[in-house]
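*Asks:* Once you've looked at the hints, dock chain B against the given chain A.
Chain order of the listed sequences is A and B.
For the first sequence, position 69 matches number 69 in my numbering, and the numbering has no gaps at all.
For the second sequence, position 721 matches number 721 in my numbering, and the numbering has no gaps at all.
These aren't lab readings, by the way, just hints derived from the structure by calculation.
Where is the CB? At the ideal position from N, CA and C, for every residue including glycine.
Hints are not guaranteed to be accurate.
[To be verified] Below are the DMTMM-like pairs computed for lysine to aspartate or glutamate, each with C-alpha atoms no more than 20 Å apart in a straight line:
1. A:Lys64 <-> B:Glu13
2. A:Lys89 <-> A:Glu61
3. A:Lys64 <-> B:Asp59
4. B:Lys551 <-> B:Asp614
5. B:Lys288 <-> B:Glu257
6. A:Lys90 <-> A:Glu67
[Unchecked claim] Derived contacts from chain B toward chain A, CB cut-off under 10 Å, selection only:
7. Arg20
8. Ala25
9. Asp59
[Said to hold, decoys possible] Computed from the model, here is a short list of chain B residues facing chain A with C-beta under 7 Å:
10. His21
11. Val43
12. Phe47
13. Gly48
14. Leu50
15. Val56
16. Thr57
17. Leu60
18. Glu252
What follows is the residue order along each chain.
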Amino acid sequence: MKVRYQNRIELLQGTLDLLILQTLQWGPQHGYGISQAIRANSGEVLRVDTGSLYPALHRLERQKWIEAEWEVSENRQRVRVYHLTGKGKKQLLTERSRWEQLQDAIAGILSPAKGESKA
Amino acid sequence: MRFFGRRRRRTQEIRGEIDRHLQMAEQDRTERGDAPEEARHAVQREFGNLDLIHDVTRDLWGGRWLEHLLQDIRYGARMLRKNPAFTAVAVVTLGLGIGAVTAIISVVNGFLFRPLPYRDPARLVVLHSRNLRGVLAWMGNSLPDFDEWRGSNHTFEGMAAYAEDSFNLSFNDRPERVQGTAVSASLFSLLGVAPVLGRGIYPDEDRADGAGVVVLGHDLWRHRFGADPAIIGRTVRVNAHAYTVIGVMPPEFKFYEFADFWIPLSGYAGTALRDRGARAYEVIARLKPGASLEQAQAEIDILAQNLAHSFPQTNSGVAVDIVRLEQERKEFGSAIPLLLGAVGFVLLIVCANVANLLIARGVTRQKEMAIRIAVGAGRLRLIRQLLTESIMLSLLGGILGVVIALGASDLIVASIPVKIPFWLKFKVDGRVLALTFLIVAITGLLVGLLPALDASRMSANDQLKEGGVAPGGRRGRRFRSVLVVSQIGFALVLMCGAGVLIRSFLRLQAVNVGLNPTGVVTMHVELPTGQYPQPRQVNAFQNRMLERIQKLPGVESLALFTSAQELANALDLPGQGTNERRDAPPVNIQSVSPDYFRVMDIPLRSGRVFTDQDTATSAGVIIVSELAARRFWPRGNFIGQQLNVSNTNLPDTLLTVIGVVGDTSQPGLYSQGVGLRAGLDLYVSLAQHSGRAMTLAVRTPAPPERFAAGVRTMVQEINPELPIFNVQSMERRVFGGLWPLRALTQLLGIFAGVGLLLACVGIYGVVLYSVSQRTLEMGIRMALGAKRSDVLKLIVGEGVMLAMCGAGIGLIAAFALTQMMSSLLFGVSATDPAVFLGVAFLLVATALLASYIPARRAMRADPMAALRVE
Numbered sequence: 001m002k003v004r005y006q007n008r009i010e011l012l013q014g015t016l017d018l019l020i021l022q023t024l025q026w027g028p029q030h031g032y033g034i035s036q037a038i039r040a041n042s043g044e045v046l047r048v049d050t051g052s053l054y055p056a057l058h059r060l061e062r063q064k065w066i067e068a069e070w071e072v073s074e075n076r077q078r079v080r081v082y083h084l085t086g087k088g089k090k091q092l093l094t095e096r097s098r099w100e101q102l103q104d105a106i107a108g109i110l111s112p113a114k115g116e117s118k119a
Numbered sequence: 001m002r003f004f005g006r007r008r009r010r011t012q013e014i015r016g017e018i019d020r021h022l023q024m025a026e027q028d029r030t031e032r033g034d035a036p037e038e039a040r041h042a043v044q045r046e047f048g049n050l051d052l053i054h055d056v057t058r059d060l061w062g063g064r065w066l067e068h069l070l071q072d073i074r075y076g077a078r079m080l081r082k083n084p085a086f087t088a089v090a091v092v093t094l095g096l097g098i099g100a101v102t103a104i105i106s107v108v109n110g111f112l113f114r115p116l117p118y119r120d121p122a123r124l125v126v127l128h129s130r131n132l133r134g135v136l137a138w139m140g141n142s143l144p145d146f147d148e149w150r151g152s153n154h155t156f157e158g159m160a161a162y163a164e165d166s167f168n169l170s171f172n173d174r175p176e177r178v179q180g181t182a183v184s185a186s187l188f189s190l191l192g193v194a195p196v197l198g199r200g201i202y203p204d205e206d207r208a209d210g211a212g213v214v215v216l217g218h219d220l221w222r223h224r225f226g227a228d229p230a231i232i233g234r235t236v237r238v239n240a241h242a243y244t245v246i247g248v249m250p251p252e253f254k255f256y257e258f259a260d261f262w263i264p265l266s267g268y269a270g271t272a273l274r275d276r277g278a279r280a281y282e283v284i285a286r287l288k289p290g291a292s293l294e295q296a297q298a299e300i301d302i303l304a305q306n307l308a309h310s311f312p313q314t315n316s317g318v319a320v321d322i323v324r325l326e327q328e329r330k331e332f333g334s335a336i337p338l339l340l341g342a343v344g345f346v347l348l349i350v351c352a353n354v355a356n357l358l359i360a361r362g363v364t365r366q367k368e369m370a371i372r373i374a375v376g377a378g379r380l381r382l383i384r385q386l387l388t389e390s391i392m393l394s395l396l397g398g399i400l401g402v403v404i405a406l407g408a409s410d411l412i413v414a415s416i417p418v419k420i421p422f423w424l425k426f427k428v429d430g431r432v433l434a435l436t437f438l439i440v441a442i443t444g445l446l447v448g449l450l451p452a453l454d455a456s457r458m459s460a461n462d463q464l465k466e467g468g469v470a471p472g473g474r475r476g477r478r479f480r481s482v483l484v485v486s487q488i489g490f491a492l493v494l495m496c497g498a499g500v501l502i503r504s505f506l507r508l509q510a511v512n513v514g515l516n517p518t519g520v521v522t523m524h525v526e527l528p529t530g531q532y533p534q535p536r537q538v539n540a541f542q543n544r545m546l547e548r549i550q551k552l553p554g555v556e557s558l559a560l561f562t563s564a565q566e567l568a569n570a571l572d573l574p575g576q577g578t579n580e581r582r583d584a585p586p587v588n589i590q591s592v593s594p595d596y597f598r599v600m601d602i603p604l605r606s607g608r609v610f611t612d613q614d615t616a617t618s619a620g621v622i623i624v625s626e627l628a629a630r631r632f633w634p635r636g637n638f639i640g641q642q643l644n645v646s647n648t649n650l651p652d653t654l655l656t657v658i659g660v661v662g663d664t665s666q667p668g669l670y671s672q673g674v675g676l677r678a679g680l681d682l683y684v685s686l687a688q689h690s691g692r693a694m695t696l697a698v699r700t701p702a703p704p705e706r707f708a709a710g711v712r713t714m715v716q717e718i719n720p721e722l723p724i725f726n727v728q729s730m731e732r733r734v735f736g737g738l739w740p741l742r743a744l745t746q747l748l749g750i751f752a753g754v755g756l757l758l759a760c761v762g763i764y765g766v767v768l769y770s771v772s773q774r775t776l777e778m779g780i781r782m783a784l785g786a787k788r789s790d791v792l793k794l795i796v797g798e799g800v801m802l803a804m805c806g807a808g809i810g811l812i813a814a815f816a817l818t819q820m821m822s823s824l825l826f827g828v829s830a831t832d833p834a835v836f837l838g839v840a841f842l843l844v845a846t847a848l849l850a851s852y853i854p855a856r857r858a859m860r861a862d863p864m865a866a867l868r869v870e
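Bound conformation, chain A alone (with noise of 0.2 Å):
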């Protein structure tokens, strides 16, 4: 059953490490604070299955792509705080690239007559 759990995540992987790197490009953020941020940005469509977002921050963590510190909040208690390191952002760029050539392809394939009348 945990390596069904796991092949959820690998299907979501691409997505989540894009948005999540996205999120931290505006600031250091903790795992709670990055979850509510995804959910606002996409105007509640998005949720982020928590059982997902840790394996996922802690992958990325792994990779370098960012770091973590505990910090202490405003209301006083400590948090962990992740923050984009240059190899993130390197990342992010190519995430991002990545993630527009999948848009263009799929609204290629799903508008096909916009591409045939311009021939």
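*Replies:* Same frame as chain A, but now just chain B:
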């Protein structure tokens, strides 16, 4: 350890981080107006399986397998502790099997793999002269040949000659018989071993007129001289000559087989130094680094040919073989593969038994397995868990086994009635332990694999349902039946092997050897040539000794005898030409005192035996056995026949046959196998042909050692320097050579017994389990009117059925396997039907008993109670 610290920190970090997340989510919800209780539930629902998220997140950082292994071990240990009866039975069973294997391996290790205690033993070789023509293929080397080889070779770094012998060693007037070796001065440096005390032999001491010096072995120095370092320079007497102690060798050092002291060869050899025909010496040599055995052999071949050319009288037809010393000492009997096979069978039975136990226990753990599957344990993980448990069991069994093997190898050594050469050490050493560990690991896997597969193959759903019939259980039962059948098969093969051996051994012991050894005590005395140079003096000593011992209490009759084998070449025996056949019976010539035939109970067929009137000055007389008489004089009329003696110092050159006595034969392990070998026995009179190395034989009801004590006092009154040695009963002398066979029979008997016992435990377990599974069925049967005896028959029938299947397979296997023991058997066929059927019957009967006990339980069951169980 750093690894674990890091891992623990990581776990705490993740836990803290996720806790914080939950708190913040909860807080947000309450701020938005949810009730606190409700908020917590909602958050937890949203989050899902917390533990799983912890695990998955942490596992991203690696190190999972080790964690699991530790978990498995901890869990396994808990399971083993929780079930002490099961654990004890499994560990003891495994311990027996592994112990038996380890003991046998330590014996094989002793035979085959122990390095010799010399420097670079791989380069040491021995040289044997071989007779290309005559009957006696193997001969010793002569010292002039040795000098020639040593002087003119290019492939050897060094060469030494030696002769091992036993000597009368006397110190402070206390005589003892000790094995020693006369050696070339170069021997110690050739072997690369230096004395720990004093020095070795100098070359100028190794001359015919050299000083008498002796190097002591460590054991002798410790036991006889109290490890006194001041012994150097003291004098001991060897065969009544004075020898100065010059050195002590290190503890491990021995050379060649049993020797515990070393003296220069030349002084010992005397006239043999220049006698090319005196082939009584062994030669050891060290190959130059890089020189091959083939090069050395080629060179020696040329040297041998040259010698044959120059000295045709003594050297023509003599070849020289070079054999590696290690090879020379690796010779072993056909018993080793047999022992390994038998002990392997025992181990297989043990494995089957423990696997059986594990499957049975697997059934009781089905719920546990189902729960583990339900909470997300993968099948591989379950198998690994179960294998960890079985390997832990086998490790515990291995520890017990090594303890058993330590005791058993001592027992094996103690049960060997002959002196064991020093290089045969049956010790449980590092190599044995390493091999044992490997066997333990394989056993653990072998034992655990089937049960683990069986237990893990179930579906969680089936199991959690109350009372559901587990498909795994049914398959488990089939596995167990197969295991029990194979167990019985193995046990039957072992029992057949042991059975034929026992039967053959009993036959061999009851065989008529032509004399009656019961109640006869024998012991050796040897007179040194220096003190008794003349035969006259020897005779006088012998008469005095017989006279005195006659007076000891409990003596019924007594005799002295000595080998007169040297006459074999001097006697002109009719029909025993040079065209001697290889399988001809050996000629045994003994010189005996008049009462010899009475002591040994050898019947007189015709004529008379020796009397006191046959003396050194009277006419030469000889007594022959029936077999010899018929062979020499096929036309009969034996008494009065005459034999010519050439080339001896006997008073007369003619021996007249005065009597014919019964034949004797010697049971033993011969090259053709175990059997009786009848010889052509010739007896000459001790008065006419005395020897210095003699055996005293006394018919007395007294136990050998106690009687020997009396003899010792008597003999030392005559000559205080004479030791009495080799005290043994005549039975031991006759049958003692069979000890390897006896040991083998005992071992195989023990193995077979263990095998039978374990197989019965197996049957018992399967039947008991089946009874417990079929309680409901039995209840229904009885409710429908089946009689208790019907139920009994049904259940016992199941056990007997298994036993018969096993016995059938086992009989076929035994039929094929016992043939390999043919050469070890006497008077019994390797597939002796009586033994085979008897063993099969015994096995099935025992199986009947083993299934009757649990079956009685089923029979007693109250049908209503049985029905209510479900």
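*Asks:* Given the hint that Lys90 (chain A) pairs with Glu67 (chain A), does the C-alpha gap stay at or below 20 Å?
*Replies:* holds (14 Å)
*Asks:* Please work out if Lys288 (chain B) and Glu257 (chain B) have their alpha carbons no farther apart than 20 Å.
*Replies:* Violated - the C-alpha atoms of Glu257 (chain B) and Lys288 (chain B) are around 25 Å apart, more than 20 Å.
*Asks:* May I ask you to test the interface hint for Val43 (chain B) with respect to chain A, counting a Cβ-Cβ separation under 7 Å as satisfied?
*Replies:* With a minimum Cβ separation of about 9 Å from chain A (threshold 7 Å), the hint on Val43 (chain B) is violated.
*Asks:* Closer than 7 Å between Cβ atoms is the bar; does Val56 (chain B) clear it against chain A? Give me holds or violated.
*Replies:* holds (5 Å)
*Asks:* Does the interface hint hold: is Thr57 (chain B) within less than 7 Å of chain A, judged Cβ to Cβ?
*Replies:* For Thr57 (chain B), the interface hint holds, since the closest Cβ of chain A sits about 5 Å away, which is under 7 Å.
*Asks:* Does Lys64 (chain A) pair with Asp59 (chain B) here, judged by a C-alpha cut-off of 20 Å?
*Replies:* Between Lys64 (chain A) and Asp59 (chain B) the Cα gap is close to 17 Å, so the pair holds against 20 Å.
*Asks:* Under 7 Å is the threshold here; is the Cβ of Leu60 (chain B) close enough to any Cβ of chain A for the hint to stand?
*Replies:* holds (5 Å)
*Asks:* Should the interface hint for Ala25 (chain B) be scored as holding, given a Cβ-Cβ cut-off of 10 Å against chain A?
*Replies:* holds (6 Å)
*Asks:* Holds or violated: is there a CB of chain A closer than 10 Å to the CB of Asp59 (chain B)?
*Replies:* Given a least distance of 9 Å, the restraint on Asp59 (chain B) holds.
*Asks:* Mind checking the CB of Glu252 (chain B) against every CB in chain A and telling me if the closest is under 7 Å?
*Replies:* violated (58 Å)
*Asks:* Please work out if Lys89 (chain A) and Glu61 (chain A) have their alpha carbons no farther apart than 20 Å.
*Replies:* holds (13 Å)
*Asks:* Going by Cβ atoms only, is Phe47 (chain B) closer than 7 Å to chain A?
*Replies:* Check passed: Cβ of Phe47 (chain B) comes within 5 Å of chain A, closer than 7 Å.
When the structure is compared with the earlier hints, violations turn up for hints 4, 5, 11, 14 and 18 and for no others.
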